[in-house]
Amino acid sequence: MEYVALATGLLLVLTGLWGIASQRNIFRIIIGFSVFDTGLHVVLVSIAYLRGRTAPILDEAVSKGQAVNRIVDPVPQALVLTAIVIGVAITALMLTFALKLYEKRKTLEIESFEDLKW
Amino acid sequence: MVKKIFALIALAGIAFMLWGLFKSYRHQETLPRTSRYYAQKGPDELGSANLVTSVVVTYRGLDTLGEVTILFSVASIIGFFLKSRTQRELKAEGFRETSELLHTSTAFLVPIIFLFGAYVFVGGHLSPGGGFQGGAIIASGTLLLFLATPTASRGKTIISLVESVSGVAYVGIGIAGIFLAAGFLDNRILPTGRFGTIFSAGAIPVIYSLIGLKVGAELSAILYKLKDAKEDE
Amino acid sequence: MIYFWVLTIVICAVMLGSAIMALYHKSLAVTVIAAGLVSLLASILYLILAAPDVAMTEAAIGSGLSTVMFFYVLRRMRGGENG
Numbered sequence: 001m002e003y004v005a006l007a008t009g010l011l012l013v014l015t016g017l018w019g020i021a022s023q024r025n026i027f028r029i030i031i032g033f034s035v036f037d038t039g040l041h042v043v044l045v046s047i048a049y050l051r052g053r054t055a056p057i058l059d060e061a062v063s064k065g066q067a068v069n070r071i072v073d074p075v076p077q078a079l080v081l082t083a084i085v086i087g088v089a090i091t092a093l094m095l096t097f098a099l100k101l102y103e104k105r106k107t108l109e110i111e112s113f114e115d116l117k118w
Numbered sequence: 119m120v121k122k123i124f125a126l127i128a129l130a131g132i133a134f135m136l137w138g139l140f141k142s143y144r145h146q147e148t149l150p151r152t153s154r155y156y157a158q159k160g161p162d163e164l165g166s167a168n169l170v171t172s173v174v175v176t177y178r179g180l181d182t183l184g185e186v187t188i189l190f191s192v193a194s195i196i197g198f199f200l201k202s203r204t205q206r207e208l209k210a211e212g213f214r215e216t217s218e219l220l221h222t223s224t225a226f227l228v229p230i231i232f233l234f235g236a237y238v239f240v241g242g243h244l245s246p247g248g249g250f251q252g253g254a255i256i257a258s259g260t261l262l263l264f265l266a267t268p269t270a271s272r273g274k275t276i277i278s279l280v281e282s283v284s285g286v287a288y289v290g291i292g293i294a295g296i297f298l299a300a301g302f303l304d305n306r307i308l309p310t311g312r313f314g315t316i317f318s319a320g321a322i323p324v325i326y327s328l329i330g331l332k333v334g335a336e337l338s339a340i341l342y343k344l345k346d347a348k349e350d351e
Numbered sequence: 352m353i354y355f356w357v358l359t360i361v362i363c364a365v366m367l368g369s370a371i372m373a374l375y376h377k378s379l380a381v382t383v384i385a386a387g388l389v390s391l392l393a394s395i396l397y398l399i400l401a402a403p404d405v406a407m408t409e410a411a412i413g414s415g416l417s418t419v420m421f422f423y424v425l426r427r428m429r430g431g432e433n434g
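Protein chains in written order, with the working numbering: chain R, 1 to 118; chain W, 119 to 351; chain F, 352 to 434.
In case anyone wonders, no lab produced these hints; they're calculated from the structure.
Hints are all accurate, no fakes.
Chain F side only, calculated, beta carbon under 8 Å to chain W, not exhaustive:
#1 403
#2 412
#3 416
#4 424
A virtual CB, placed ideally from N, CA and C, is assigned to each residue, including glycine.
Using the sequences and the accompanying hints, generate a full structural model.
Structure representation (C-alpha cells):
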C-alpha cells in the first residue's frame, strides 16, 4: 500500500514540475506548484507509514508500554503538518504577485514579461 | 518548442533521480531511533497522548515558532502589496444583496463553526487535531461571514488584535519555559496532570490554543486582503 | 485488507487523473477545482496511511481555503484567462 502511495506522490511531483516548466500562463504555473506541493506531502506521509500499525495517538487501544511497537512514525507527520500551512501561505504570496503583475500589464502570459531579458 | 525540449530533458533527469529514490525505498519494520525515543519517553515526559502534538509543540517547538513567523510575514507582505478598498468603494461597486437563506444560516452556523474550531485545538493533545486544524476551521467560519456580508469591514481590528495578542503570549510562554522549566518552549511550566485528561500535558493545550488563534487570524487576514484587493492604476 | 488496497489504488488513479486535468483543462475555474480535488483525495489517502492529523489539516486548508483563495484572485483577472 505504501509503495502505491509513494509512487503516486512521486508522479504528482513530476506532474507539478512539468506544469511549472511547460505552462505559459502564470496562474497555471501556480496551480502546478500546488499539485507539486501535495505530491511532496504524499511522499513524506507514505515514508512514515509502517505496515500493520496505527496512528500515533495513545488511547484504550494503544497503551503507553506498547506504543513503540504499535504506532507509525510521528516525526514526518509533524513535518508535513507545518509544511501544509507554509505551502498555502506561499501560494497566497504567489497569487498576490500574479495579481500585481496582471494589474500592471493586463496579461498573464509569461513571455510578455521580459524586463530582465536582453 | 526548443524550451519545451529543454524542460523535458530536465524533467527526465529529475524523474531518473526520483526513480532511484523509489527503488531504494524498503518498508521498515521498526521506528527510527529519534522516533523510538519520542514514542517511549514522550508520554511520560510530556503527558500528551497525541505524539504528533508533542513533537510539533515541544520537541520541535522552535520549528513551529518559525512557521508561525513565516505566516505572519506572508500576511504582512500581502497587506503591503494589496490596498484594501474602503467600505464606500465596496458599496459603490454594487454587490448583489445576499439571500435571506445565507444570512440566517450564517447567523446560526458561524458560532457553531467557531466552537468546533476551539474544540479541535483545545483537545489537540488527546485526539487528532490541534492548532493548525482548528485555526483553519476558524478561518473557514470567517470566510462564511465574508460571503454573507461582502461589504462589511468590521472584523479587521478584531483579527489584528487576536493575532498580535496570541503571538506575544506564545513567545511569552516560551520564555517562561527558560526560567521555570528546562528550556525555551518547555511545556512543564504547568503540572503534567493525569495522563489522558483535558487538564494534562502541562502547557501544551495553552500553547496549541494560542497557535490555533494565531493561525486562524493570519489565514482570515490573508483571505480578507485577497477579497478586498483594490486595483490601482 | 483487500478493501483498503482497492480504495488506495482507485484514489491514486483519480488523483493522477485530476492532476493532469489541473494542468491541461481549458477553463481556469475547472483547473482550480481539479487541484482542490487532488488535495481532498490526498487527505483520504493520509487517513488510510494512519495520519489523521495531517488528513484534517489537508482537508481544511489544502482543499478548502486555498481553493477559495484561487477563486478570489481569479475573479480579479477576468480577461487574462486565455493565455
